[in-house]
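Which chain is which? The protein sequence lines are C and W, in order.
If you're matching positions, the first sequence starts at 1 in this note's numbering and goes up one per residue.
If you're matching positions, the second sequence starts at 564 in this note's numbering and goes up one per residue.
The hints are simulated quantities; they were obtained by calculation from the structure and are not laboratory data.
Please note that the accuracy of each hint is not assured.
Claimed, not checked - No farther apart than 25 Å at their CA atoms in a straight line, the calculated lysine to any residue pairs in the SDA-like style are these: (1) C/K553 <-> W/R706; (2) C/K62 <-> C/P399; (3) W/K920 <-> C/P168; (4) C/K539 <-> W/R706; (5) W/K1102 <-> C/K539.
Quick caveat: nothing in here was measured; it's all calculated off a predicted structure.
There are 2 protein chains.
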Amino acid sequence: MTLGSWLRKNVNLFSRVRLGTRFAATPLRSKMLELSGLSIIGFQRGERGNGPFHGINPSTGKALAPTYFAACADEVNRAAELASKAFDIYRRTPGKQKALFLRKIAERIEGLGVTLVTRAVQETALPAARISSETARTCNQLRLFAELVEEGSWVDARIDQADPTRQPLRKPDIRSMLRPLGPVAVFCASNFPLAFSVAGGDTASALAAGNPVVVKAHHAHPGTAELVGLALIDAVRDCDLPEGVFSLLFGPGSQVGTQLMDHPQIKAGGFTGSRSGGQALMKLAGARPEPIPFYAEMSSVNPVFVLPGALREREDEIATGLHASVTLGAGQFCTNPGLVFLPEDGSRDLIESLRQKMAATPAFTMLTGSISAAYRNAVSVFAHHAAIEELVWGETEPPGAQCNPAVFKTNARSFLAHPELATELFGPATLLVTYSDIAQLSGIARDLEGQLTATIHATETELHQISDLLTTLETKVGRIVLNGFPTGVEVCHSMVHGGPFPATSDGRSTSVGTRAALRFVRPVCYQDLPDSALPDELKDNNPLTIWRLVNGKFTMAAVSDKL
Amino acid sequence: MTLGSWLRKNVNLFSRVRLGTRFAATPLRSKMLELSGLSIIGFQRGERGNGPFHGINPSTGKALAPTYFAACADEVNRAAELASKAFDIYRRTPGKQKALFLRKIAERIEGLGVTLVTRAVQETALPAARISSETARTCNQLRLFAELVEEGSWVDARIDQADPTRQPLRKPDIRSMLRPLGPVAVFCASNFPLAFSVAGGDTASALAAGNPVVVKAHHAHPGTAELVGLALIDAVRDCDLPEGVFSLLFGPGSQVGTQLMDHPQIKAGGFTGSRSGGQALMKLAGARPEPIPFYAEMSSVNPVFVLPGALREREDEIATGLHASVTLGAGQFCTNPGLVFLPEDGSRDLIESLRQKMAATPAFTMLTGSISAAYRNAVSVFAHHAAIEELVWGETEPPGAQCNPAVFKTNARSFLAHPELATELFGPATLLVTYSDIAQLSGIARDLEGQLTATIHATETELHQISDLLTTLETKVGRIVLNGFPTGVEVCHSMVHGGPFPATSDGRSTSVGTRAALRFVRPVCYQDLPDSALPDELKDNNPLTIWRLVNGKFTMAAVSDKL
Chain C
1 MTLGSWLRKN VNLFSRVRLG TRFAATPLRS KMLELSGLSI IGFQRGERGN GPFHGINPST
61 GKALAPTYFA ACADEVNRAA ELASKAFDIY RRTPGKQKAL FLRKIAERIE GLGVTLVTRA
121 VQETALPAAR ISSETARTCN QLRLFAELVE EGSWVDARID QADPTRQPLR KPDIRSMLRP
181 LGPVAVFCAS NFPLAFSVAG GDTASALAAG NPVVVKAHHA HPGTAELVGL ALIDAVRDCD
241 LPEGVFSLLF GPGSQVGTQL MDHPQIKAGG FTGSRSGGQA LMKLAGARPE PIPFYAEMSS
301 VNPVFVLPGA LREREDEIAT GLHASVTLGA GQFCTNPGLV FLPEDGSRDL IESLRQKMAA
361 TPAFTMLTGS ISAAYRNAVS VFAHHAAIEE LVWGETEPPG AQCNPAVFKT NARSFLAHPE
421 LATELFGPAT LLVTYSDIAQ LSGIARDLEG QLTATIHATE TELHQISDLL TTLETKVGRI
481 VLNGFPTGVE VCHSMVHGGP FPATSDGRST SVGTRAALRF VRPVCYQDLP DSALPDELKD
541 NNPLTIWRLV NGKFTMAAVS DKL
Chain W
564 MTLGSWLRKN VNLFSRVRLG TRFAATPLRS KMLELSGLSI IGFQRGERGN GPFHGINPST
624 GKALAPTYFA ACADEVNRAA ELASKAFDIY RRTPGKQKAL FLRKIAERIE GLGVTLVTRA
684 VQETALPAAR ISSETARTCN QLRLFAELVE EGSWVDARID QADPTRQPLR KPDIRSMLRP
744 LGPVAVFCAS NFPLAFSVAG GDTASALAAG NPVVVKAHHA HPGTAELVGL ALIDAVRDCD
804 LPEGVFSLLF GPGSQVGTQL MDHPQIKAGG FTGSRSGGQA LMKLAGARPE PIPFYAEMSS
864 VNPVFVLPGA LREREDEIAT GLHASVTLGA GQFCTNPGLV FLPEDGSRDL IESLRQKMAA
924 TPAFTMLTGS ISAAYRNAVS VFAHHAAIEE LVWGETEPPG AQCNPAVFKT NARSFLAHPE
984 LATELFGPAT LLVTYSDIAQ LSGIARDLEG QLTATIHATE TELHQISDLL TTLETKVGRI
1044 VLNGFPTGVE VCHSMVHGGP FPATSDGRST SVGTRAALRF VRPVCYQDLP DSALPDELKD
1104 NNPLTIWRLV NGKFTMAAVS DKL
């Protein structure tokens, strides 16, 4: 019996039995789109009772129905145990079936239609068009991972054939490939209610790699999370995958997340959020009896270096682009350009143009009251900083969760003397830093902490004058952008959305693009196993027709008997 | 000017100037093979003075000349700073030049000839034949990494071409590849004075990946370390590479290692040794202001599962193989088979045969007095354990650093009731565990900690009866061996010498085989850079003729203008 037919037979059976008994009462099918406020633990719903909370409409400050309930300790434990059980089957699920599953999730999310957009807009104050495009991006991302695992070569299969004649010792047959780690805890981001949340990049990449996922919803958009969670669990059912491949836990404080990260059945974690939150979870991941990989994407000021020639050639374009990039999503982007280096000579018009655009920009409603409060505090510290000139920051404070855009200015000398000026302002704000000489730039770059991105605006001639800056940035960031803007992270095979600490907890990784799946695997090696006992990826005749490294050469060919 | 010609011009100049001035006094050329007892810091030697110590001949207990001196804080700092400076050049050194360097190191080590063998035998009590074969393995390993970086495809180059017509937003040109992390601290192992020491796997893989290396020598074989260090620094000179690409520090305590791991210019670490030592360094790596990747290979009992059918067919072969594997290198192998599961029925003859072989094996001289003492203590705990039967352990304790081989026996029930029986005995000892039913085995495997290897002796029919065991082991170990023995780690592309914690600090990695280079890199992404500013690996016309993932397809073809 092939694994495929085995899975179809047994997993079907498994689900049916369960469906027929304890889970029949709450068939999670998307025709039931009423929100319940309860966690999703395997195929069951959580209990009412623990830590009630609500989604809040940041535009009105009003609580949104229904009441949400935090998962209790027993539920967190059950989600992790179910995930561990599901792992036994899911990790052996062939790529083609995982691809069907990922595509089904996308289809189910698209099926949520206007219900999803309406709820997400209510919970985040982001415009409907942004929610729609983020949904499309999330679904495209799921489909890109589906393509990856359907094609299959991503597992880095390697074969070194035996040589029985080698002296003094026979050379054994060694084969290896990447295998999933086990259940992954995913922490949703506040600023991407879809693309970095329940079925976002971490979930898509962990599932693609063969790992069950236990998602901790973000308290700022529980309704959005529940809708996507229902779509996801429907896809699990549609694809006859085992209970526990996916669970969704609510919990507004740190308790649920802490318990999850400490759970022995959780084998990795993914997080997008604040530096303090990320570092707290990093500590937990490292302090466990069995430390686990933990991928946190935390903070970045995404420096932009504008060179004189580029400024002369494209002043308007740069001003317009900067304004759009700084204010995109109310500046609540991890790739928001928070530091812009401009030549002292010749940047007056650009600064004035940017000042006018930002001053004319109405206040933004931030994602949550606490993000708004944190932004106001941080901006106010900048506004009162002796080394900083305030160019834009609304004269009157807007009401509720609204915030004014802000632009500040300083010079390179002051910037270097005050490391606190490189602090991230999470919101629609940026700090302009004037420099007198392009030779200063590589020194400035050398002093920066790790970043997700760095952007350079330069003519081709200038680009070759600043090779020092370019090579310094290669050691500091995950992505170098030329003559563009850092916001807008293309979902593709070559994307790196990562970077050295503190941009992320692990600079060897990316959370966007297909390389993200490599975060949740490890190589496993088979010595002298017969073909029949090997995974399909490593069998002689290459039944999956994938690219493999055979005796050191990339090939799709079958392995022949002779070396 | 190409980078190659630039390097030749400037690095030559750089070395010459330095040679002519402060370094002229101690030209590190291998014609001067007298040992000095001093650290090698870039192109300079360390100072006499700090923490004097000696290599000890474990066979005699006598100190070996010369006196060695620990690196002082200033020297450790200098080595790290020089490495950081060298990184600016070395990380841009083309693969072909790195290959020349790695081959030159191998050649220089081979040039040490009998001097190296003699010293290593004196310091380790390992037989000359073992030292010679380990030297050959070390040099082959360097040459395998040379092939890897010369061919060049290992950098996982990816290109997604721009699409200016895409709506609503132009698709940018995105390219990425793996780039080195920065200076790597390498901690030498006591049990492999060559293959896991100064120019061993960690050093070879870190250098191949483009990282300078600061090696902390093992205090048990300082002379061997110095000889190899001299060979290595000669290779640096021969290849006109910058000062700081390699340094070698002596320091018998934990001070030098601690300072190294805490140094801000050190960006990763590699270690082979004890669990306590590895975990102490793991903590340091995680607690730095900038946490860094740290790869420790620590402890493993390498379970062997012998099934009844295989036992019937190959009893003698298994007994002989086990005896050889348990006693290889006095059992001081990280892949030593420390746990052997045997069927209760039918294993009497094998046990008796193994008992006789082990009882007839003379005492071994261990690598150091402290390893010998630790082995005696650990074996003595087993010998006095109520759940254990002692089959072999010499009646009289041999003198000095000598130790008797040992064989213990228990049954599966007792083994499961006493988790302490899965503790590694580092030396020529093993614990036989009898089981009554093969159905017990997957449960036993499930309870094991992470391991480097697991071995199964089974007929092909049995192999399909124990698919549960096999799939459980896939989640527990780095390498599964069928009908062989775990000692003997093939150096090849597909090898995985790693495994989940506590076998290693990071189960996503291997310390043997070409995948080891992937430990010391991270992906870096370039958005919309012109061809002239891109690394060669990512240029349109593929000047290095490497395999790349272009728009999602593996190809060696140049990138054409049209998508």
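Return the numbers of the hints above that this structure violates; sort them in rising order. Going through the list in order, the structure violates hints 4 and 5 and respects the others.
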